[in-house]
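Trainee: Position 62 (the sequence shown) corresponds to 62 in full-length UniProt numbering; numbering is contiguous.
Just so you know, the hints here were simulated from the structure itself, not pulled from any lab data. Yeah, the Cβ is synthetic: ideal placement off N, Cα and C, and Gly gets one too. It cannot be assumed that every hint is accurate.
Below, a list of computed lysine to aspartate or glutamate pairs in the DMTMM-like style, where the Cα atoms sit at most 25 Å apart [claimed, not checked]:
#: 1; residue 1: K4; residue 2: E108
#: 2; residue 1: K69; residue 2: D24
#: 3; residue 1: K89; residue 2: D12
Label pairs and their calculated CB-CB ranges [claimed, not checked]:
#: 4; residue 1: V25; residue 2: G115; range: 31 to 39 Å
#: 5; residue 1: S105; residue 2: G13; range: 25 to 33 Å
#: 6; residue 1: A73; residue 2: M1; range: 27 to 35 Å
#: 7; residue 1: S58; residue 2: D11; range: 33 to 41 Å
#: 8; residue 1: K112; residue 2: Y26; range: 31 to 39 Å
#: 9; residue 1: E54; residue 2: Y8; range: 17 to 25 Å
#: 10; residue 1: K114; residue 2: Y26; range: 33 to 41 Å
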Amino acid sequence: MDLKVNDYTTDDGLTVINVEGEIDVYTAPKLREKLIDLVNKGKFHLLVDMEKVEFLDSTGLGVLVGGLKRVRAHDGSLELVCTQERILKIFRITGLTKVFGIHDSIEEAQEKRKGAK
Numbered sequence: 001m002d003l004k005v006n007d008y009t010t011d012d013g014l015t016v017i018n019v020e021g022e023i024d025v026y027t028a029p030k031l032r033e034k035l036i037d038l039v040n041k042g043k044f045h046l047l048v049d050m051e052k053v054e055f056l057d058s059t060g061l062g063v064l065v066g067g068l069k070r071v072r073a074h075d076g077s078l079e080l081v082c083t084q085e086r087i088l089k090i091f092r093i094t095g096l097t098k099v100f101g102i103h104d105s106i107e108e109a110q111e112k113r114k115g116a117k
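Construct the complete structure from the given sequences, taking the supplied hints into account.
Mentor: Below you can see the structure in the form of C-alpha cells.
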C-alpha cells in the first residue's frame, strides 16, 4: 500500500498534513521528508490528520516523535487527528498519548488552539 501525504495551511496558520494509507518501514520516509520540508519552510505548528491511516508501526511512531522534536526546537507543536481505535491503541500502549495532543477532528484542534492563545 502506498502512502499519500499532502498539506495545506489554514487561515490561522496551522499546517494540516493529510496522511492516507499505511505508515510503516517502507513508507515512513515519505512522511519524514514532508515534516522536515515543512519545518525548513518555517511551518512550526503542524496537525497530522490520521483519519485515513490504515496501519502504523514503530517506524511511523518514530517519524512522528522526530517531527515533534523538530517543531518543539522552534517553540512549535505537532498534534494529531485520530479517532480510529486500532491506531489510538498504539499511542496508549506506548504512552504517547501523554506526548501528543490527539483530537477527534481538525475543527476541534483549531478550537483548542484558539483557546490556548
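Trainee: Determine for every hint whether it applies to the structure shown.
Mentor: Verification of the hints:
no.	hint	result
1	K4 / E108	holds (23 Å)
2	K69 / D24	holds (20 Å)
3	K89 / D12	violated (30 Å)
4	V25 / G115: 31 to 39 Å	holds (38 Å)
5	S105 / G13: 25 to 33 Å	violated (18 Å)
6	A73 / M1: 27 to 35 Å	holds (32 Å)
7	S58 / D11: 33 to 41 Å	holds (35 Å)
8	K112 / Y26: 31 to 39 Å	holds (33 Å)
9	E54 / Y8: 17 to 25 Å	holds (22 Å)
10	K114 / Y26: 33 to 41 Å	holds (38 Å)
Hint compliance for this structure: hints 3, 5 are not met, and every other hint is.
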